[in-house]
Amino acid sequence: MKPLLSKIFIKNVAVIESAEIEFGQGFNILTGETGAGKSIIIDSFNLLKGQRADKDIIRTGESKARVDGVFTVDAETELALSDDYGIEPCDGEIVISREISSDGKNTARVNGLPVTSGVLKEIGEYLITIHGQHDNTSLLSKKTHLQLLDTAAGEDLAGTLAEYRAVHSEIIDKQAQLESVKSDEQEKIRRLDMLKFQIDEIEAASLENGEDEELSHKRAMLENAERIAESTQNAYSLLFEGDDRQKSANDLLWEGLGKIGEVAEYDGELQRVHEELTDLVYEVSDKIRSLRKYIDTLTYEPYELEQVEDRLDLIYNLKRKYGTTIELIKEYLADARAEADSIIRSDEIAAELDAELNALKKQREDLADKLTTLRTEFGDKLSARIEEQLADLDMAKVKFKVKIEECEYNSNGKDDVEFLICTNVGEEFKPLTKIASGGELSRIMLGMRNVLNDGDGRRTLVFDEIDAGVSGHAAQRIGEKLRAISSGSQVICITHLPQIAALATDHYLIEKNVQEGRTLTRVEHLDYESRVYELARTLGGATVTDITLANARELLKQADI
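All you need for this note's numbering is the position in the sequence shown, starting with 1, plus 704.
Take every hint as true, because none was put in to throw you off.
Okay, derived cross-link-like pairs now, EDC-like style, lysine to aspartate or glutamate, Cα gap no bigger than 20 Å in a straight line:
# : residue 1 : residue 2
1 : K825      : D788
2 : K1118     : D1084
3 : K922      : E912
4 : K1066     : E1112
5 : K1085     : D1073
6 : K768      : E803
7 : K991      : E980
8 : K715      : D772
9 : K711      : E1228
The set of hints was computed from the structure by calculation and includes no laboratory data.
Using the sequences provided together with the hints, build the complete structure.
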């Protein structure tokens, strides 16, 4: 599915009270008498593109004017709008709304979310391109000419450009490395002294992973050493030693076990219990003896706690400086050693980088020269092909030129590219923006678009005044080219020539009437018979005759409508 402007709603804009146009996917034509309001449609398109709005466009007697455009978009455009602007299409649609109030307030929304005029202009570039006298299209902008030329040149140039960009990017990285290595000598000395101090400080600590946790545990034990000794000794006394007044728990267990043993032989179940308890009492006795061994190992020296505290303080200070864990401190140490080594070896490293840079720059120069050659060769071919297109459009004397001048190296090479045009014999070539005639400009844009594969298949293309001052033969060729473009992009064209209108897949009539003393403009989608009548009007003027009707039917027949 190709992207397209599926609907536009216009309310209270100039003489249009309310209009809804549902455009077709292919070649759309709008016709109407002079002054019917065709320019209002173009103004509405421009509002959707973010053009500045003046409150004078508001219909007399109304407080607001509004234009809404519903665009159906493809997956590529959806992704671009989502990534660049955070706008998520709803069911594959983007709705742009502009509202202009008589108090000067001007609002713009995309899918209901408010956006700035700057953002709307950028989004509009994704969706619609208008070719007319005052429209700054992508083809007119010099900054796009290099990309357009490269895209049209195809894979041969694309491969060389990819090689060039890889080398150019590597040069930028190497230059940054070299600048870092060649930094101020005093700064390097200061930095090296600091690194050596840090390395010595960390190395002197001889840190071990997990050491801080072990020390924290040991500190807790040392801080409670007396309490631990007292509690464990009391426990041992109760469990094993007893006193004159009370037997120990161990003695009581054995005594109880003996009582059961005296009668166990009379009951098999009791015998089993006696055996199990015997095992348990032996195990308890062993554990009590283990407690005795633990007590015997307990030693406490005041200096031990002081040593642990000092070690933990050292680790804490290192963490504060170099990392929150011992592992991070060791990582910092490794990085510091590497940096110190690079500073010590800076002269050697700088020489290596210089040699690598010189080799890369030579490689870049060769690739840039190759790009210039390819662009020059294809620029000549492109000029010839565009001039052929312009000749078909009744502009045989117009000359096209791709100017390539050398500039500083950048990600695209060393070529500054601009498209130039000469519309009259003997005159100088000028930038496309210097063309005065809107119709002339539109036809040149049409000729260029037929040659250049500039990726505008994702945009709706609007052509205004494209038929100004052309012959019937040229009009036929213009219509054919517009129809050819519409196979890949939605085309909307305003025309007064029947040769162009007959080739459209959808035809709309813009008509002005006076009702109750007010001028109203309406837009109607024409069926076949209505198209015949409208074409007959454009062929014969105000009077429609059987002859003009027959001619209109013949035009539609030739167009396979």
